[in-house]
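S.K.: Each chain, written out:
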Amino acid sequence: DSGVTQTPKHLITATGQRVTLRCSPRSGDLSVYWYQQSLDQGLQFLIQYYNGEERAKGNILERFSAQQFPDLHSELNLSSLELGDSALYFCASSLVTDTQYFGPGTRLTVL
Amino acid sequence: GENVEQHPSTLSVQEGDSAVIKCTYSDSASNYFPWYKQELGKGPQLIIDIRSNVGEKKDQRIAVTLNKTAKHFSLHITETQPEDSAVYFCAASMGTASKLTFGTGTRLQVTL
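Top line first, the protein sequences correspond to chains H and W.
1 is the number of the first residue of the first sequence in the numbering used here; add one for each residue after it.
1001 is the number of the first residue of the second sequence in the numbering used here; add one for each residue after it.
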């Protein structure tokens, strides 16, 4: 158990809908990272927050957004969902070092 | 940006044999190289990492080597066991609180 929690574990929704994925980092970790894992793209970095502020952006679509709250938990919002958004979404956290610990992921299925 | 290549994509070894997975990276500014193990239905689990000021690191049956000149790093697993069967990912980052760029993964199967 890495100490990073993610909810929900599974999410099934329809095209065009909007969903919110939630992540709680390890106690004391200030950075939260979101990654997408799909069969064709592998593990891809989406976005990073550090102590409530956006720190870095990767291959994140404009339909996706995220935020980190004062209690350091983070939410990833996915809107106008398409079939191709079906994937595993992982959250990772780190303190000030480079070591990232991953959560168990949320499996999103868009029908 | 950084690009990480990983080989082989699949690897089958007999129990007790050694397994080696190799990765190359493109950006000489990368200085942190972790390895993750991912079992079916789970998130990536950090198994070992190495920083650019170190050439080799070992933790029981697992070792990682880094060749900064060649921009190449490898994972070595000795005395493989069936529970080592999983997908292994290498990654690279440019240090503290930086994103990870992952390789494409190696599916390791340890047969009895």
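Derived from the structure by calculation, the hints contain no laboratory data.
Note that the structure is predicted; figures quoted are calculated from it, not measured.
In this text, a Cβ means the ideal position worked out from N, Cα and C, and glycines have one as well.
Take these hints with a grain of salt, some might be off.
[Said to hold, decoys possible] Listed below are several chain W residues computed to face chain H (Cβ distance under 8 Å; list not exhaustive): (1) Ala1029; (2) Tyr1032; (3) Gly1055; (4) Lys1058; (5) Pro1082; (6) Val1087; (7) Phe1089; (8) Thr1104.
S.K.: If a hint holds in the structure, say so; if it doesn't, say that too.
M.R.: Right, here's what the structure says about each hint:
Interface hint at Ala1029/W: violated, since its Cβ lies 13 Å from the closest Cβ of chain H, which is beyond the 8 Å cut-off. For Tyr1032/W, the interface hint holds, the least distance from its beta-carbon to any beta-carbon of chain H being 4 Å, beneath 8 Å. Hint on Gly1055/W is violated. Least Cβ distance to chain H is approximately 18 Å, over the 8 Å limit. Because the closest C-beta pair between Lys1058/W and chain H is about 18 Å apart, greater than 8 Å, the hint is violated.
About 22 Å separates the beta-carbon of Pro1082/W from the nearest beta-carbon of chain H, more than 8 Å, and the hint is not met. For the restraint placing Val1087/W at the interface with chain H, the shortest Cβ-Cβ distance is roughly 10 Å, beyond the 8 Å limit, so the hint is violated. The closest approach between the C-beta of Phe1089/W and any C-beta of chain H is roughly 6 Å, which is under the 8 Å cut-off, so the hint is satisfied. For Thr1104/W, the shortest C-beta to C-beta distance to chain H is roughly 5 Å, which falls under 8 Å, so the interface hint holds.
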